[in-house]
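Asks: Below, each chain spelled out in residue letters.
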Amino acid sequence: GQQLNQSPQSMFIQEGEDVSMNCTSSSIFNTWLWYKQDPGEGPVLLIALYKAGELTSNGRLTAQFGITRKDSFLNISASIPSDVGIYFCAGIQGAQKLVFGQGTRLTINP
Amino acid sequence: NAGVTQTPKFQVLKTGQSMTLQCAQDMNHNSMYWYRQDPGMGLRLIYYSASEGTTDKGEVPNGYNVSRLNKREFSLRLESAAPSQTSVYFCASRSSFSYEQYFGPGTRLTVT
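Protein sequence lines, in the order shown, are assigned to chains A and B.
This note's numbering numbers the first residue of the first sequence as 9 and each following residue consecutively.
This note's numbering numbers the first residue of the second sequence as -15 and each following residue consecutively.
Errors might be hidden in some of the hints.
As the list claims (entries may be wrong) - The calculated DSBU-like cross-link candidates involving lysine-lysine, where the alpha carbons are at most 35 Å apart (straight line), are:
#	chain 1	residue 1	chain 2	residue 2
1	A	Lys105	A	Lys59
2	B	Lys(-2)	A	Lys105
3	B	Lys55	A	Lys59
4	A	Lys78	B	Lys55
5	A	Lys105	B	Lys41
To be verified - Which chain B residues stay away from chain A? Per the calculated CB distances, all over 10 Å, these:
#	residue
6	Ala(-14)
7	Val(-4)
8	Leu(-3)
9	His13
10	Ser15
11	Met25
12	Asn49
13	Ser51
14	Asn54
15	Lys55
16	Ser64
17	Thr70
18	Tyr83
19	Gln85
20	Thr94
21	Thr96
It should be emphasised that the hints constitute simulated quantities derived from the structure, not laboratory data.
It should be emphasised that the depicted structure is a prediction, and the values quoted were computed from it without experimental measurement.
Ideal placement from N, C-alpha and C gives every residue a C-beta, glycine not left out.
Based on the sequences and whatever the hints tell you, model everything.
Replies: Here it is as structure tokens:
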């Protein structure tokens, strides 16, 4: 089945550093979503992007919907310990189906 | 307002046993979904229900059945569990007015 290519697969950073991750696809999506998953929990929606070129922020998080509609980026500024988790991108084609990336596991060294 | 709830939280089955995973949402959402999550694979859609009374297959439906009992509840049934169905199962729901899906806490299933 179709999946998005998310990179990097894992990141080990120091507290206070900025983080960047991205998602690419060979297909066009009309909506991009970014989720965070804490251990033992379900994914929680962070940011939703609806238009090509759109740049949206949610606190220290900023995400962009790529101009080609085939990619999206998530940046986290000044990381803190509670940012630890797995970040997933998801693209929507049509109305019903989300296609997920494989996830980026973020580990922060204090 | 509990959002999306799932039961049980953990389950161990022997090969060939059957069980039903329960999901309920209190957000009055029309659409509900079942996903499985395996290491390194992200989440994959098993079945979804666009509205009460309808269900459709997702990417990995084999070995599963679903029932949309009413607007609130969407259950996933494993008729004859196999070790390949060891996974974490997530239920999600969505309003008709948004593309955003909201997830439950998951059911961790092990089939031995």
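Asks: Hint by hint, say whether it matches the structure.
Replies: Hint check results:
1. A:Lys105 - A:Lys59: The hint holds at about 18 Å.
2. B:Lys(-2) - A:Lys105: Answer holds: B:Lys(-2) to A:Lys105 is near 31 Å, not above 35 Å.
3. B:Lys55 - A:Lys59: Since the Cα atoms of B:Lys55 and A:Lys59 sit roughly 31 Å apart, the hinted pair holds (cutoff 35 Å).
4. A:Lys78 - B:Lys55: Since the Cα atoms of A:Lys78 and B:Lys55 sit roughly 34 Å apart, the hinted pair holds (cutoff 35 Å).
5. A:Lys105 - B:Lys41: holds, 11 Å
6. Ala(-14): Label holds. Min Cβ-Cβ 13 Å, cutoff 10 Å.
7. Val(-4): holds, 17 Å
8. Leu(-3): Fine: 20 Å to the nearest Cβ keeps B:Leu(-3) off the interface.
9. His13: holds, 12 Å
10. Ser15: Answer for B:Ser15: violated, closest chain A Cβ roughly 7 Å.
11. Met25: The claim is violated: B:Met25 sits with its nearest Cβ about 7 Å from chain A, within 10 Å.
12. Asn49: At about 19 Å from chain A, B:Asn49 clears the 10 Å cut-off, so the statement holds.
13. Ser51: For B:Ser51, whose nearest Cβ neighbour in chain A is about 18 Å away, the distance exceeds 10 Å, so it holds.
14. Asn54: Fine: 19 Å to the nearest Cβ keeps B:Asn54 off the interface.
15. Lys55: Fine: 16 Å to the nearest Cβ keeps B:Lys55 off the interface.
16. Ser64: Nearest chain A Cβ is 23 Å from B:Ser64, so the label holds.
17. Thr70: Answer for B:Thr70: holds, closest chain A Cβ roughly 16 Å.
18. Tyr83: violated, 5 Å
19. Gln85: violated, 6 Å
20. Thr94: Since the minimum Cβ distance to chain A is about 15 Å, B:Thr94 lies beyond 10 Å and the statement holds.
21. Thr96: holds, 21 Å
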